[in-house]
Amino acid sequence: MINSQYIDAYKKTEQSSNSVISSHEIVRSLMKELVNTMQKIVLDIQDEKQRKTNQFKINRDLKDKKAYHKSKNLSKSLSIIYGLQTSLDFDKALDIANNLFQLYEYCRHEIIKGFSQKIEDGILKAIEVIKQIMEGWEEIPSLEK
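Per my numbering: the sequence shown = residues 19 to 163.
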């Protein structure tokens with residue numbers, strides 16, 4: 019009976035270790051999610067501009083709901099950027115880490131500026147920066163696979 023408990027525990031450990039994601043995959047997933055949330059911010063800004071130009075009247079509840087989603091996308095994008103910045107290893111590759119940090123900081127700045135001023139151009143540029151970083155990241159073989 020005790021042996022079956024150990025065997026079951028071992029099986030669970032083996033199953034969970036098979037589902038462990040490499041840090042390479044985590045960064046790739048974060049970048050994809052970052053692009054996705056940044057695109058949502060752009061769509062929110064464009065939607066708001068369209069409503070203003072077409073003089074749409076929307077009720078207060080819908081307006082509050084849209085504001086919540088915009089704020090959620092902003093927060094998520096900024097959190098992902100922060101996560102990417104704090105995961106940089108300045109000890110192993112100082113120049114690369116510094117360059118990536120600055121690119122992430124540029125993206126963070128453009129997201130905040132675009133969100134607060136309702137201008138999507140900077141966010142679209144930041145999306146392209148992240149996509150370029152993603153392309154480079156995709157070319158790096160994952161050593162943890």
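If you are wondering where the hints come from, they were derived from the structure by calculation, not from laboratory data. Incorrect hints may appear among the rest.
Claimed, not checked - Listed next, the in silico BS3-like pairs over lysine-lysine satisfying Cα-Cα at most 30 Å (straight line):
1. K50 - K149
2. K90 - K149
3. K88 - K50
4. K131 - K50
5. K94 - K58
6. K94 - K50
7. K67 - K110
8. K67 - K94
9. K90 - K143
10. K136 - K88
11. K58 - K143
12. K131 - K58
13. K50 - K143
14. K94 - K143
15. K58 - K88
16. K143 - K131
17. K94 - K131
18. K131 - K149
19. K58 - K149
20. K88 - K131
21. K90 - K136
22. K50 - K67
23. K67 - K149
24. K110 - K90
25. K143 - K67
26. K50 - K136
27. K90 - K67
28. K136 - K58
29. K58 - K110
30. K149 - K94
31. K136 - K67
32. K131 - K90
33. K90 - K50
34. K110 - K136
35. K110 - K149
36. K88 - K67
37. K136 - K149
38. K67 - K131
Going through the hints against the structure:
1. Distance check on the hinted pair: K50 and K149 sit about 8 Å apart at the alpha-carbon level, within 30 Å; holds.
2. Pair hint K90 plus K149 holds up; C-alpha atoms about 21 Å apart against a cutoff of 30 Å.
3. Distance hint between K88 and K50 is fulfilled; the C-alpha atoms sit about 18 Å from each other, no more than 30 Å.
4. At most 30 Å may separate the alpha-carbon atoms for a hinted pair to count; K131 and K50 meet this at roughly 21 Å.
5. Proposed proximity of K94 and K58 is supported: the alpha carbons are some 11 Å apart, at most 30 Å.
6. The straight-line distance between the Cα atoms of K94 and K50 is roughly 12 Å, inside the 30 Å bound, and the hint therefore holds.
7. Among the hinted pairs, K67 with K110 is inconsistent with the structure: their alpha-carbon atoms are about 45 Å apart, more than 30 Å.
8. Of the pairs offered as hints, the one joining K67 and K94 holds, with about 22 Å between alpha carbons and a cut-off of 30 Å not exceeded.
9. Of the pairs offered as hints, the one joining K90 and K143 holds, with about 21 Å between alpha carbons and a cut-off of 30 Å not exceeded.
10. A distance of roughly 11 Å separates the Cα atoms of K136 and K88; the hinted pair therefore holds under the 30 Å criterion.
11. Simply put, K58 and K143 have alpha-carbon atoms about 14 Å apart, close enough for the 30 Å limit, and the pair holds.
12. Of the supplied pair hints, the one linking K131 and K58 holds, its CA atoms being roughly 15 Å apart against a limit of 30 Å.
13. Of the supplied pair hints, the one linking K50 and K143 holds, its CA atoms being roughly 16 Å apart against a limit of 30 Å.
14. Between K94 and K143, the direct Cα distance comes to roughly 18 Å. Compliance with the 30 Å bound is thereby established for this hinted pair.
15. Distance hint between K58 and K88 is fulfilled; the C-alpha atoms sit about 8 Å from each other, no more than 30 Å.
16. Taken as a hint, the K143 and K131 pair is honoured in the structure, with Cα atoms around 12 Å apart against an allowance of 30 Å.
17. Restraint check for K94 and K131: the C-alpha separation of about 16 Å stays at or below 30 Å, so the hint holds.
18. Restraint check: the Cα-Cα separation between K131 and K149 comes to about 20 Å, which is no more than 30 Å; the hinted pair holds.
19. Restraint check: the Cα-Cα separation between K58 and K149 comes to about 15 Å, which is no more than 30 Å; the hinted pair holds.
20. Note on K88 and K131: the hinted pairing holds, with a Cα-Cα distance of about 14 Å set against a maximum of 30 Å.
21. With a CA separation close to 16 Å, the supplied pair K90 and K136 stays within the 30 Å bound.
22. Simply put, K50 and K67 have alpha-carbon atoms about 26 Å apart, close enough for the 30 Å limit, and the pair holds.
23. Among the hinted pairs, K67 with K149 is consistent with the structure: their alpha-carbon atoms are about 26 Å apart, no more than 30 Å.
24. This hinted pair does not check out: K110 and K90 have alpha carbons roughly 34 Å apart, beyond 30 Å.
25. The straight-line distance between the Cα atoms of K143 and K67 is roughly 19 Å, inside the 30 Å bound, and the hint therefore holds.
26. Of the supplied pair hints, the one linking K50 and K136 holds, its CA atoms being roughly 23 Å apart against a limit of 30 Å.
27. For the hint pairing K90 with K67, the CA-to-CA distance comes to about 19 Å; that is within 30 Å, so the pair holds.
28. With a C-alpha separation of about 13 Å, the suggested pairing of K136 with K58 holds against the 30 Å cut-off.
29. A hinted pair counts as satisfied when its Cα atoms are at most 30 Å apart, and K58 with K110 does not qualify at roughly 34 Å.
30. For the given pair, K149 sits about 17 Å from K94 by alpha-carbon distance, which is consistent with the 30 Å threshold.
31. Annotation: proposed proximity of K136 to K67 holds, straight-line Cα distance about 8 Å (limit 30 Å).
32. The hinted pair formed by K131 and K90 meets the criterion: a straight-line CA distance of about 16 Å does not exceed 30 Å.
33. The straight-line distance between the Cα atoms of K90 and K50 is roughly 17 Å, inside the 30 Å bound, and the hint therefore holds.
34. This hinted pair does not check out: K110 and K136 have alpha carbons roughly 39 Å apart, beyond 30 Å.
35. Distance restraint check for K110 and K149: the Cα-Cα separation of roughly 24 Å lies within the 30 Å cut-off, and the hinted pair is therefore satisfied.
36. Taking the CA atoms of K88 and K67, the gap is near 14 Å; set against the 30 Å cutoff, the hint holds.
37. For the hint linking K136 to K149, the alpha-carbon distance of about 22 Å falls within 30 Å, and the restraint holds.
38. For the hint pairing K67 with K131, the CA-to-CA distance comes to about 16 Å; that is within 30 Å, so the pair holds.
Of the numbered hints stated above, those contradicted by the structure are hints 7, 24, 29, 34, listed in ascending order.
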